[in-house]
Amino acid sequence: MKKSALRQSFDTGIIFGIVHIFCVLIAFNAMLGGLLVKIAGIKSSMTAPLVSALVTYAVVLGLWAGIMSARQRREASNGQRLLASLITGASSGLLAALLAAIFLVMLTFKIDPRNYLTNLSTAFMKACLYSLPSFAGIAGNFFTFVASSFLGGLLVVGWNLIGSARQKIVAVPRGWINGLQSGSAQKQLILKYVFYVLLFVVVAVLPLKWGSYWNYVMGTVGLYVILGLGLNIIVGLSGQLVLGYIAFFAIGAYTVALLNAPQPHNLMVGFWPSLVLGVLLAGLAGFLLGLPLMRLRGDYLAIVTLGFGEIIRILLNSDVLTAFSGGPRGVQGIQGPTLFGRPFDDVEYMYLIILAVILAMYVYNRLQHSRTGRAWLAVREDETVAQATGVNTNNYKLLALVLGAGFAGLAGGISAAMNQFIGPADQSLMASINVLCEIIVGGMGNIPGTLLGAFAFKGLPELLREVENYRMLAFGALLVAMMIIRPEGLIPSQRPTLELPDEAAVNPTAATGEAPDSTTGEKSHD
Amino acid sequence: MTDNIIVTDQVTKIFGGLTAVNKVDLLIPKGSIFSIIGPNGAGKTTLFNCISGFYTPEHGDVYFEGEPLRGKATNVIASLGISRTYQNIRLFSNLTTIENVLVGQHHRLKENWMDAVLNSKRYREEEKHSIQEGVRWLNFVGLAGMGNTPARSMPYGAQRRLEIARALGSSPKLLLLDEPTAGMNPQETLEMTTLIRRLRDEFGITIILIEHDMHVVMGISDTIAVLDFGQKIADGTPKEIQANPRVIEAYLGPGGAALAKKYSRKK
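So the protein lines, in turn, are chains A and B. Counting in numbering that gives the first Met the number 0, the first sequence runs from 0 upward without gaps. Counting in numbering that gives the first Met the number 0, the second sequence runs from 0 upward without gaps.
Wrong hints could be hidden among the right ones.
What the hints assert, rightly or not - Derived lysine-lysine pairs resembling BS3-like cross-links, with alpha carbons at most 27 Å apart:
{"no.": "1", "chain 1": "B", "residue 1": "Lys-260", "chain 2": "B", "residue 2": "Lys-238"}
{"no.": "2", "chain 1": "B", "residue 1": "Lys-71", "chain 2": "B", "residue 2": "Lys-109"}
{"no.": "3", "chain 1": "B", "residue 1": "Lys-120", "chain 2": "A", "residue 2": "Lys-191"}
{"no.": "4", "chain 1": "B", "residue 1": "Lys-71", "chain 2": "B", "residue 2": "Lys-29"}
{"no.": "5", "chain 1": "A", "residue 1": "Lys-191", "chain 2": "B", "residue 2": "Lys-127"}
{"no.": "6", "chain 1": "B", "residue 1": "Lys-22", "chain 2": "B", "residue 2": "Lys-71"}
{"no.": "7", "chain 1": "A", "residue 1": "Lys-191", "chain 2": "A", "residue 2": "Lys-208"}
{"no.": "8", "chain 1": "B", "residue 1": "Lys-238", "chain 2": "B", "residue 2": "Lys-29"}
{"no.": "9", "chain 1": "B", "residue 1": "Lys-127", "chain 2": "A", "residue 2": "Lys-186"}
No lab work stands behind these hints, which were simulated from the structure alone. It should be emphasised that the depicted structure is a prediction, and the values quoted were computed from it without experimental measurement.
Kindly produce the complete structure, drawing on both the sequences and the hints.
Laid out in structure tokens, this is it:
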């Protein structure tokens with residue numbers, strides 16, 4: 000084994016060791032291990048974790064290290080791979096043992112590090128030493144890593160040994176997928192409809208089954224999908240970086256709220272007309288904001304719209320408007336839509352949101368592939384050239400802003416009714432940024448990306464409630480990793496493949512005989 | 000003025016202390032191929048930008064079919080029938096080639112966003128019609144079968160031709176081509192020359208050309224204007240220009256005319 004390869008395996012182990020130390024210092028090992036053993040039905044607490052939880056965590060980390068280390072050595076023989084994983088395990092185990100030794104010293108001399116590292120209670124440190132007496136704990140830490148890393152190496156080697164058999168197994172589902180994709184047009188169409196019917200059944204049945212908590216979570220996700228699509232019209236299609244987008248949401252929400260709440264006006268107009276009005280008002284706000292904005296591009300546009308968002312929020316929060324819009328307390332007791340005289344329950348709201356999402360997706364999809372959508376994209380790509388090609392860029396930028404604002408108004412109106420409350424705190428800058436991140440992470444300018452982004456930003460945090468403390472940490476790491484690995488978003492935008500007439504296949508020299516304008520009556524050459 | 004599609008009247012464009020275009024008068028006859036040549040930095044592209052509305056000249060006016068262009072936005076000028084290409088290719092690079100041509104047709108189409116959302120008859124028909132026409136233009140410039148390729152992944156020469164197809168999409172009366180053969184090999188240059196000539200012959204499009212390749216310029220131009228330091232120093236037929244001592248001096252420096260004469264005698 001070459002020295003450099005040895006060094007590489009050793010370094011890999013050191014990296015994993017450092018990761019391990021950090022994880023232990025923030026008690027992430029107890030958290031992750033706790034989650035893992037929870038699957039088996041064992042309960043482990045954060046402050047005094049079970050040894051089994053910590054061992055599970057260490058084995059997972061060690062396996063990962065071993066697999067990575069063995070796979071790094073692409074050209075190596077199986078024995079060398081195993082050796083590499085062993086070395087990695089040993090070097091990471093050394094660091095783990097070092098940490099365990101420090102814990103042991105602190106335990107014996109009764110040093111309490113909790114002033115600096117709040118998680119390191121005596122119970123926790125004892126658990127980290129696997130509740131074993133003195134040196135046995137240190138050795139335990141070391142050997143857990145060595146053994147699990149070696150196991151990881153074995154897995155890699157085994158995986159490679161059964162290579163041919165594996166390919167046969169993989170080939171079966173792959174064949175199915177290919178068969179589905181390469182079928183005749185009619186077969187494809189039938190498959191498409193089957194897919195839609197299945198999707199429809201799932202979408203229709205789920206809200207009934209999964210209870211009010213999930214209806215609330217997925218409802219929020221749905222609203223964020225609508226918001227994301229609206230912002231995608233503005234940012235993704237027409238390329239204007241608008242930051243205070245949530246202000247349009249606020250306008251829609253407050254319209255529904257003020258017209259349907261006992262306080263402060265007691266108008267009780269009814270949900271549906273006020274929802275329509277909310278959408279229209281948001282669009283109008285987009286138009287009015289757009290008029291002065293048309294002269295701005297890029298960073299300047301972002302700053303001005305940021306200001307707009309803050310103005311709306313601060314106005315709603317201020318004393319001046321308390322009598323009109325409820326001030327910091329917000330508007331409470333908003334009357335939502337009714338069904339046969341009884342207010343909507345969570346399932347019905349979920350259906351309402353699903354309908355709204357489908358509507359938004361439909362409108363977005365139609366726009367995207369039309370003359371309007373292409374004009375927007377042209378403006379995004381190169382505004383100067385777009386204008387010189389004949390696109391009235393100002394009109395189209397304005398249109399994008401109005402439509403995008405309308406989407407936000409729709410989401411806002413539904414949200415106000417669903418939560419029966421709206422306050423200025425919901426309109427924070429963070430909300431605007433969230434929507435923007437959602438479409439950037441998902442992939443700018445396309446519907447699947449927006450869906451994925453909304454799930455990632457609104458659904459995942461709910462799923463991660465268990466690990467609340469690490470939510471933002473995980474999130475930041477996710478964002479950084481994503482920007483490095485997929486800078487265009489998880490699902491990058493692709494332009495549609497248009498069905499071109501047969502002439503596309505014709506040899507150019509043959510086609511030139513009949514001039515382009517021979518069949519297009521509207522052309523006016525003289 | 001009716002037989003001149005473009006008349007520039009004392010057009011002057013000043014950038015700070017630099018007069019990029021200085022009192023240039025041009026008469027460009029309808030249906031001709033008109034070339035503008037001159038050394039680097041002579042103001043050719045600036046003059047183009049004045050005609051296509053990117054710049055507003057400080058003095059003087061540009062008339063298109065007798066109508067002054069001053070104060071008109073570039074999209075209005077485009078819809079009057081002036082299209083252009085760019086010295087550095089400026090395509091909508093993330094769009095497919097056919098979409099680029101469709102954007103070119105933009106101002107001639109009437110469907111609006113409501114049509115698209117409601118999938119109206121007008122939308123469906125216009126979409127079908129404009130795609131057909133776009134494919135014809137692609138075929139015409141020699142990009143058959145590349146309709147769904149993203150513009151950015153096309154080879155260089157094809158991108159140049161796509162720019163022309165996009166410009167043709169707006170059904171122009173006047174086409175401004177800014178160095179259409181720059182960076183092309185002799186074969187591609189020949190094809191481009193043929194293409195330009197066909198544009199004029201088959202569709203009667205007036206063409207103004209900025210070009211450095213003298214074979215191209217002398218081969219296809221009806222009239223040539225020479226700019227140097229922002230001023231027009233000569234115009235005329237290719238023969239006249241080739242014999243003009245001021246033009247030779249602009250390219251070769253003072254005394255260049257005499258040198259050229261001597262050289263040509265020796266030959």
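Results for each hint:
1. B:Lys-260 x B:Lys-238: With a Cα-Cα distance of about 15 Å, the restraint between B:Lys-260 and B:Lys-238 holds, given a limit of 27 Å.
2. B:Lys-71 x B:Lys-109: 21 Å, holds
3. B:Lys-120 x A:Lys-191: 25 Å, holds
4. B:Lys-71 x B:Lys-29: 21 Å, holds
5. A:Lys-191 x B:Lys-127: Roughly 24 Å between the alpha carbons, so the hint for A:Lys-191 and B:Lys-127 holds.
6. B:Lys-22 x B:Lys-71: It holds: about 21 Å lies between the C-alpha atoms, which stays within 27 Å.
7. A:Lys-191 x A:Lys-208: 26 Å, holds
8. B:Lys-238 x B:Lys-29: With a Cα-Cα distance of about 21 Å, the restraint between B:Lys-238 and B:Lys-29 holds, given a limit of 27 Å.
9. B:Lys-127 x A:Lys-186: Given that 27 Å is the threshold and the Cα spacing comes to 25 Å, the pair holds.
In summary, this structure violates none of the numbered hints.
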